[in-house]
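Engineer: These are the residues of each chain, in order.
4 protein chains.
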Amino acid sequence: MFVLVNLKTYPCDPVEVAQAAKEVSEESGVRIGVAAQDADLARVAETGVETWAQHVDPIEYGSNTGHTLAETVAEAGAEGTLINHSENRLKLADIDGSVQAAERADLETCVCANNPAQIGAVTALGPDSVAVEPPELIGGDVSVATGDPDIVTDAVEAAEAVDEDVEVYCGAGISTGDDVESAGELGATGVLLASGVAKADDPRAALEDLVEPLA
Amino acid sequence: MFVLVNLKTYPCDPVEVAQAAKEVSEESGVRIGVAAQDADLARVAETGVETWAQHVDPIEYGSNTGHTLAETVAEAGAEGTLINHSENRLKLADIDGSVQAAERADLETCVCANNPAQIGAVTALGPDSVAVEPPELIGGDVSVATGDPDIVTDAVEAAEAVDEDVEVYCGAGISTGDDVESAGELGATGVLLASGVAKADDPRAALEDLVEPLA
Amino acid sequence: MFVLVNLKTYPCDPVEVAQAAKEVSEESGVRIGVAAQDADLARVAETGVETWAQHVDPIEYGSNTGHTLAETVAEAGAEGTLINHSENRLKLADIDGSVQAAERADLETCVCANNPAQIGAVTALGPDSVAVEPPELIGGDVSVATGDPDIVTDAVEAAEAVDEDVEVYCGAGISTGDDVESAGELGATGVLLASGVAKADDPRAALEDLVEPLA
Amino acid sequence: MFVLVNLKTYPCDPVEVAQAAKEVSEESGVRIGVAAQDADLARVAETGVETWAQHVDPIEYGSNTGHTLAETVAEAGAEGTLINHSENRLKLADIDGSVQAAERADLETCVCANNPAQIGAVTALGPDSVAVEPPELIGGDVSVATGDPDIVTDAVEAAEAVDEDVEVYCGAGISTGDDVESAGELGATGVLLASGVAKADDPRAALEDLVEPLA
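Order-wise, the sequence lines are chains Z, R, B and C.
In terms of full-length UniProt numbering, the first sequence opens at residue 1 and continues consecutively.
In terms of full-length UniProt numbering, the second sequence opens at residue 1 and continues consecutively.
In terms of full-length UniProt numbering, the third sequence opens at residue 1 and continues consecutively.
In terms of full-length UniProt numbering, the fourth sequence opens at residue 1 and continues consecutively.
Pulled out of the complex, with its shape left as it was, chain Z reads as follows:
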């Protein structure tokens, strides 16, 4: 089970969360990654945690002011990147281009989508993983794994029908170890979460709770 903590643009201390994630991952043996803002990537990566970018653009070296180049975030320490997160929806052709850009820079790719049909679609673009996040549950108190379990199993089926080698993660409302365990039982091999850790008073305790059933 892969736990990916998305720091978004929350007012947390990214280094504190990264250090906690690093330590809890080592203690529990559970794979934990942290997706940080571009300008924080280098200092997050310095903690030794598995570091992810939140987005890369479908571009190459060249004249692209204000865009995110996959090679640059990789050089800053990112090992993977989210693509097409619900807060950063892309054109289909740009998802395709971003997956290719990330692969060119040896970044692991996780493409997000709203529903099982879209999960099938993005799986066809050949990313390493896909993540289903129902928009209506994002940021809420109800976990996708309990509030809409069918969407997880349907997403797993939709991805498998297109390409069995693509991992399926899920997100939205996940904040406890039970949520993570339920997600695993539904066929997901990873979870995306954000506020449950990034906004927690004690991010380390929140992470320990999350991985407790997996350890």
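One should not assume that every hint holds.
In silico EDC-like links for lysine to aspartate or glutamate, alpha-carbon gap of 20 Å or less [stated by the list, open to error]: (1) Z:199 with C:60; (2) C:199 with Z:71; (3) Z:199 with C:71; (4) B:199 with R:94; (5) R:91 with R:57; (6) B:199 with R:60; (7) C:91 with Z:57; (8) R:199 with B:71; (9) R:22 with R:154; (10) C:91 with B:57; (11) Z:91 with R:57; (12) R:91 with Z:94; (13) Z:91 with C:57; (14) B:91 with C:94; (15) R:199 with B:60; (16) C:199 with Z:60; (17) B:91 with C:136; (18) Z:91 with R:94; (19) R:91 with B:57; (20) B:91 with R:57; (21) C:91 with B:136.
Since the hints were derived computationally from the structure, they do not count as laboratory data.
Knowing the structure of chain Z, use the given hints to seat chains R, B and C on it.
Structural biologist: Just chains R, B and C now, with coordinates in the frame of chain Z:
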């Protein structure tokens, strides 16, 4: 074989092309459609030709100023719609929403994409048909069927791997009956073309040439 | 005072509203226009009402699938067009291009914006008129003229500081004759409204009420 | 005269350029800034050079995956930011929001635009400076100051007519000290340049040449 003539925003007479398409279709028995600008749909449909919209937005009745509602173009006479044309690329979630909007209004759907991987992706969204149009050939003199035949066969394979019931069309550079015939031999069941007819001095003659090998 | 009724994509009968607007305008002597969906423009214009498009794209004749060409909506009967409506926000360069496209096709232009600073900005692009519509009041029961009168007077000032020849309209929440009268007292020379007429059980009665204080 | 070097996503060493800029600025007394990719901001700022971001999004702390928060780039060491660069054109409402976000984080703002009309428009949004860059000259060998001098004087006039306190810079094709000097004679108080320094074999020498007439 379905021949869909996209009038784009060319300075042609849409009614003249529509009448020619209607007549050539009846004489040859070949299915021919005309995709017109929204403001021309009603008078194009009055000719009796199979009328298509060039785009619909992922919206419902409501507060959507300056957008294209599927129900409105259907009421104006459209029977189908292009979605995600290379000159109107959409976010993945909006392609999904536009396909659903079109189906709600009983419009036949044809979702365009750049390459076989993206064709596999849009096929997963459940449209009636998909159309592969390599951007580098659009508007040129070399037909996709002769200039890049692998892209057509790969697109047919990519779509079949996801859903065998979705038709695969191709476009870009198609202007003669030979081009149409070649497309059919590669597995396409329809072609999209534009300037070859819309910019022709004699659209009727251009259409007759196009369908000649099919009649 | 100019009253522009924006039909958006509401499920109203555009011809019924257009006929009512035409008649009430003639009876009252108040200028009334109707902004319709592209596919409805021709039949709305046939009623003789002053017909507006809801949007034009910054394009010329050519390869622009699924976009709105100013010349085409003008040929369908539009005499003016909204640009940058809050439901269709454009890039600055595209507002500029759309104003130029509209002027090329002899369409009167009304560029919308959120607040006085943005009103000053769009006035600099040289449209015929600008319209301030505070997003938080759009679609509500409180008129901009009573709920946020400063925004109207500030918008009038901001536009005058840049170009005294540009008319300033206002919109959001306007549904009664009192609202229209208040808008005029604040310096606006026109109002944009939508649901107050388009969703009324009796659009003709709604229009008569609107223009009553002006007649 | 302010010389702002935009590193875009060029394959240069940002720290090398930053150190050269820092030293040449100190030696010549000419203000020189470097606009870097987000992921490079911290190490560029560590050189002590005046560091700029290439873009900020119109957002606040919160749920904004893959976007650039003004506060975060400021914390990484940025003192200013470009907004609406021609390679990153924004909606008008988002330019407004980005200027406000940057000011909230104490970032100096420079809003780019294509032509004098748009320069007048963005000046109305109250940035610290605006920069006119004719798209057709960007990346070319002809400097805006010699190839299209009227656009610079017209931009200066357009900005002054709206707000005399906003500085006017120019860019596109600037690569020599003569270009910078000409820009100043036309009324610009700063220049934006990119490839002339970022792609130079010897960035330090390129910068020395640029500031030579100003020292």
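Engineer: Tell me, in ascending order, the numbers of any earlier hints that this structure violates.
Structural biologist: 4 and 9
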